[in-house]
Each structure stands twice: as structure tokens, then as C-alpha cells.
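Dock chain to chain to rebuild the complex, using the hints, since each chain is given by itself in its own frame.
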Amino acid sequence: MKERVWDLPTRLFHWALVLLIALSWWSAETGRTSLHLWFGYGALFLLFFRILWGFLGSSTARFSAFVRGPGAVVEYVRNRFRWPVAGHAPLGAVSVLALLALLLIQVGTGLFAMDEDGLFPGPLAYLVSVGASDALTELHEELFDWLLILIGLHIAAILLYRLVLGRNLLGPMITGKADLPRGMEPMRPATPLVAIFCTLVAIAATAWILFGAPPLGS
Amino acid sequence: MMVAKSACALCAIVLLAGCKAQEPANQANMVIPSAETQNAASAAPLTRDQALALMKEREHHMDAFGDATKKAGNSLKASSPNATPVREAAAAIDALAPKLLSWFPRGTGPDVGKTRAKPEIWQKPEDFALKAHDFEQAAMQFDVAAKSGDLTQITATFDALGKSCKACHDIYRAPKKD
Numbered sequence: 013m014k015e016r017v018w019d020l021p022t023r024l025f026h027w028a029l030v031l032l033i034a035l036s037w038w039s040a041e042t043g044r045t046s047l048h049l050w051f052g053y054g055a056l057f058l059l060f061f062r063i064l065w066g067f068l069g070s071s072t073a074r075f076s077a078f079v080r081g082p083g084a085v086v087e088y089v090r091n092r093f094r095w096p097v098a099g100h101a102p103l104g105a106v107s108v109l110a111l112l113a114l115l116l117i118q119v120g121t122g123l124f125a126m127d128e129d130g131l132f133p134g135p136l137a138y139l140v141s142v143g144a145s146d147a148l149t150e151l152h153e154e155l156f157d158w159l160l161i162l163i164g165l166h167i168a169a170i171l172l173y174r175l176v177l178g179r180n181l182l183g184p185m186i187t188g189k190a191d192l193p194r195g196m197e198p199m200r201p202a203t204p205l206v207a208i209f210c211t212l213v214a215i216a217a218t219a220w221i222l223f224g225a226p227p228l229g230s
Numbered sequence: 002m003m004v005a006k007s008a009c010a011l012c013a014i015v016l017l018a019g020c021k022a023q024e025p026a027n028q029a030n031m032v033i034p035s036a037e038t039q040n041a042a043s044a045a046p047l048t049r050d051q052a053l054a055l056m057k058e059r060e061h062h063m064d065a066f067g068d069a070t071k072k073a074g075n076s077l078k079a080s081s082p083n084a085t086p087v088r089e090a091a092a093a094i095d096a097l098a099p100k101l102l103s104w105f106p107r108g109t110g111p112d113v114g115k116t117r118a119k120p121e122i123w124q125k126p127e128d129f130a131l132k133a134h135d136f137e138q139a140a141m142q143f144d145v146a147a148k149s150g151d152l153t154q155i156t157a158t159f160d161a162l163g164k165s166c167k168a169c170h171d172i173y174r175a176p177k178k179d
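First to last, the sequence lines map onto chains A and B. Note that the first sequence covers residues 13 to 230 in the numbering used here. Note that the second sequence covers residues 2 to 179 in the numbering used here.
Please keep in mind that the hints were generated in silico from the structure rather than gathered at the bench. If you're wondering where the values come from, they're calculated on a predicted model, not measured in any experiment.
With beta-carbon atoms standing in for the labels, derived distance ranges: (1) D151(B) x A168(A): 57 to 63 Å; (2) R200(A) x S80(B): 43 to 49 Å; (3) H62(B) x L112(A): 38 to 44 Å; (4) H61(B) x H26(A): 43 to 49 Å; (5) D151(B) x W37(A): 39 to 45 Å; (6) T48(B) x L112(A): 53 to 59 Å; (7) G150(B) x E150(A): 33 to 39 Å; (8) H61(B) x W220(A): 34 to 40 Å; (9) A144(A) x R107(B): 35 to 41 Å; (10) D151(B) x T211(A): 39 to 45 Å.
Where chain A lies over chain B, by a calculated footprint (3+ residues, C-beta under 8 Å): (11) 74 to 81; (12) 158 to 168.
Quick reminder that beta carbons are idealized off the backbone N, C-alpha and C, glycines included.
The shape of chain B in the complex, shown without the other chains (with noise of 0.2 Å):
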């Protein structure tokens, strides 16, 4: 996992840099690899029981971004923010971002069980891979400016945050039933 994080601060610097103009199939190819989800696309296809187990635990981790991201919305709220439960919720967010991609190999979608994964996420692989990059980028800065103690950076981070949560939630997230 340090590899595959270091491989992404890497390409961040590189990005920062100002090499924007990499073909975005490029950034993709440079983020897809990552351990798990490499396991995940050149194993056997999941068994089913496998598969629901899968989509329980990545629900559970989703909410876990949720749960975090009104922890850290709420403190950066008051007039003088705590800084503790924001730095605590960028850590917890950027530790579990790298992992988003790995949550939803082939075989994990509304047809094997309950889940708001919408079929278009197999169905678009690259954009989805786009998008979990840019959450994961967008993760790693919130948390370098959580612990950077910048509340101007902190704020708009956390705002960059927020937009690719939804860029991929508007377009792959069934809506809410019950």
C-alpha cells in the first residue's frame, strides 16, 4: 500500500508540476494499478457469497467517508474550529481513498445484490477510474492541509473534496430507497 501511495503522491508532484496535458487514459493506467485492484481484475471472477461480502463491506466504508465528512463539515462550521476532529477526519478519508477502486471489481452490481452501484460503472471503466483518482487526489490534499493547520486551505480542500464525491456519486450512485 506505501508503494502505491508513494506512486500517487509521485503523480501528484508530477501533476502539480504542471504536466497536466497527460492523456487522461495515462493518469488512469497510473492509478489503476494498485494492488488490489489488480487482484480484483485478473482473478477468477468473485464467487457470489464473496461478491455480497464485498458490496457489504464497501458499503460500510462509504459510510464511513459520509460519517467522516459531516464530522469534519460540522467542525469547520464553528466560528473558531476544532482542529482535532478535522485533522482525525482527513486521515481516516485519505487512508481509505486509494482502496475506492478496489471495492468494485467486475461482478459487485445491481444484478448480485443489493447496492446503489449503478451498471454504468462497469460500463465506463476509464471515467470511473478517472473519478476515484481525483477523490483519492483530492483526498491527499485535504489531509495534507488538515494537518497543515492552514484553515483557508483546509476549507477550499475540503470543498475540492466534496465536488468529487458528488461528481462520481451524480453520475454512479443509484438514489436512496427504503
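Extracted from the complex, chain A is given alone in its bound form (with noise of 0.2 Å):
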């Protein structure tokens, strides 16, 4: 019997990113910058609403049900994988974390960083020097090669995961079910009003950074 795991904000959020990163990717390097500008508007948005749901959503997407000390991945390791809990276990918790962490310093670079003519500046970029706008523009550049090897690492893991303990990782974060073992407790949602207000604040948020986060900059 196949029990909920992921809810559906959850999985939009993590499919609407992948896409995101990869339209950022092609319109960074092709040039298309004022595109490239709201795809990380978009990407920002997403960023608001996770951690909001992280807060606020279902059991499995609250970061109170997977943010653990080093103890528990050791324990998870140990245990052959096994952890007795519905959503992310502690080794993916880890790369749930290290992959939104890397995802902020992204966008937030993003958002005072400026192309090399100066012509499309981030909306923050005005609140601070163009030197340190250049830093974090080159920094913005940089870091996105950490974040693909931490995109391999993450599709890495759910092939090993597939071929070597015969789990399927994918299939659940499309469907947002999956087969628990008797006894484990499924995921506990969130009432579809909870997102629908982590939805509004998370544009609300958004539309002041990108109106240049006033009263800043006055």
C-alpha cells in the first residue's frame, strides 16, 4: 500500500527548481541577462516559500523533522540505510541542506551582482559599491560550479541508492508516495490555506527585494 511521503508544494518546489537552475545556467551563458534576472526571481521566490514550509508545511518537508547532528547520519550509516522515519533520512537531510544553503548564497550574490556593462544590475546592487558588486558578481560566477557538483552528488546518491540498495528515490518525489514499511508513520500535511499564505508571503517578500528592498537605499 502505497502511503504519502511528499506533499504537492514540496515537489513543485523541487521541480520548478530544477528548472529554474537549468534556465538560469543557459541564460547566463548565452548571454541573456534580463532573463537571467527573473529566473532569479523566481529562484528567490521558491527559496521563500521552502523555508516558510519548512516552518509551516507538512510533517516530512518541516525542517524540525530532518535537521539532526552528525550523530544521527553516523547512526544512519551504521544501520545500513535504514531509518525509521517517513521523508528525508539524515544523510539526505544533509545534502537537502548543504544544496538550499548553496542555493541562498547563490540568489543572494545574484542579487548584487551586475553584468560587466553595467546595464543590468541585481535589484540590490545599489546599496552597495561597485567593487563590492564586482566581488560578488565574480563570487555569484564561482559558486555556481559548487552548486553542480553538488547537483551531481544529489542525482549520484539516488542512482546508488536505485542500483545498490534497490530503493527508489525518484519515483516518490514525482508521485509523492511510496511503499513504507509496516509500521512507519506517512507524512502528516499541511492544510492546502497553510500554503496558500506561505505562497503569499513568500511574493510579498520577493516584490520588495526586487523594488530594491526599500526603505533601503533612500
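In C-alpha cells, the structure reads:
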């Protein structure tokens, strides 16, 4: 019997982010800077949403359910990659947190970045000096390679779980459902109203950044 | 340089007066003979060292345009813009803009040294000169607006200036490689 593991908002977040990262990469490599900025705003909105959802969302989406110490990771590996609770296992949680943190830095540096001609400044670039903006732009470019490495590890781990442990992690991220061992508690969903609330707050926060974070810079 | 500048100003006045039916080639002819371009065109071909030095100087000047644009853009974005950095940036761009064409003589392309200037610049010299001229005009108008202090004019001419940068870069500049 398939049980719910990931709610719809979490899955939409995941796949929209995959799409936006790909589009951001493409637009940056091909010099489509104004498009690149819009993809960045999209990613910013998704990250705002995911952080809120991490506090108010369904049980498996909450940080309180999967942020654990290194002890849990050791225990999980010793226990041959078995974990009694549905959702992110301790090692997967490290991957999620690392990806979220790096994406926040990536989008954060992008907000202060500028193209070399100064024609497409990030929405917060005007709050810092041109020198600082140039340095953050460089960081923004360099960090992307690290993001690609983390994404590579993420995909490699999913493949290893499939090929070595015989477990399908990709399917549940698409359908939201998985076969859970007997007695394992499935996801406790949050209400749609909470999802709407998180979406509206994330839109407002993104718009505020887009307008240059007033009253800063007045 | 003053002569070239007043010639350009005159040219701009003529254009503004509505004589837009002029042949593009004529416009280009009116602009190209700035003292430096003529030297570059008529003088003996550059030695490799001269070419490399010019290319380095060119990159430096282009960076200066970028820096000034960034500073002006930053100031204009504040809710109550500070006029001084905008004026300084506009003056810096306007002072250098008429010289741009003289930094691109034949023999300073990617076959000679490391540069993002594309070979198309020397394959379509008339179009390149025309775009350089547009940029020079836009720089002058931005400077005039910046000196006037009229924010609406400043924003409009700044946007037009950005478009004139982009018009050329999109076609004649190779992507950044690192």
C-alpha cells in the first residue's frame, strides 16, 4: 500500500527549482541577462516559500523533522541506511540543507551582482559599492560550479540508492507516494490554506527585494 | 579633439533638426574623420607591439565605460538620486566616447592578441562606425541631461545610452571566457 511521503508544494518546489536552475544556467551562458534576472527572482520566490514551508508545511517538509546532528548520520550509516521515519533520512537531510544553503548564497550574491556593462544590475546592487558588486558577481559565477558538484552528488546518491540498495527515490518525488515499511508513520499533511499563506508571503518578500528592499537605499 | 567634438555637436543639431533622411554612409563619413581614426587608417600598419598596447588600452577604456555606467545606474536607482556621481559618470563617458572608433584600427583583432573584439568589426566597418557614432551621440545627450539635472531626461538618456552599448556588444563582442 502506497503512503504519502512528499506533499504537492514540496514536489512543485523541487521540480520548479530544477527547471529554474537549468534556465538560469542557459541564460547566463548565452548572455540573456534580463531573462537571467527573472529566473533568479523565480528561484528567490521558491527559496522563500521553501523556508516558510519548512516551518509551517507538512511533517516531512519541516526542518524540525530532518535537521539532525552528525550523530544521526553515523547511526543511519551504521544501521545500513535504514531509518524509521518517513521523509528525509539523515544523509539525505545533509544534502538538502547543503543545496538549500548554497542556493541561498547563489541567489543572494546574484541580487548584488551586475553584468560587466552595468546594464542589468541585480535589484540590491545599488546598495553596495561597484567594487563590492564586482566581487560578488565573481563569487556568483564561481559558486555555480560548486552548485553543479552538489547537484551531481545528489543525482549520484539517487542512482546509488537505486542500483545498490534497490530503493526508488525518484518516483516518490514525482508521485508523492512510496511503499513504507509496516508501522512507519506516513506524512501528516498541512492544509492548503497554509500553502496559500506561505505563497503569498513569499511573493511579497520577493517583490520587496525586486523593488530594491525599501526603505533601504533612500 | 575640440574640433571633432563641435563637428559632432553640429551633426547632432542637424540630426535633431529633422534631417533624418540623410544617407547612413554620409553620417558615417561625417564622423569617421576624427584625428585619431584618420591616423589609424592612413598610417602604416601597426607593429605587433603597438597593436597589443592599443588593445590593452582599449580594454582599460571599455572597463572605464562599464564602471561609470554602474556608478550612474546605482545612483539613479536610489529613491532620491545623488546628482554628483551621475554627472561625473556622464562626463567621463562623454569625454571618452568620441575616441572609441580610434581604438579599433585594423590589425587589433583576435588574430593578433587576446581580445573579445570580433573579426566582424573589420568586415562591416560602416555598420561598426555607425554604431560607434550612435554611442557617441547617446553619451553626449546623457551628459547634457546630467548637467541639466532633469531627472526624467537623465533616466531617458541613460536608458538610450545603455541600448547603444548593447547594440554593439551583442554583435561585435565575443562572450566572456575565463
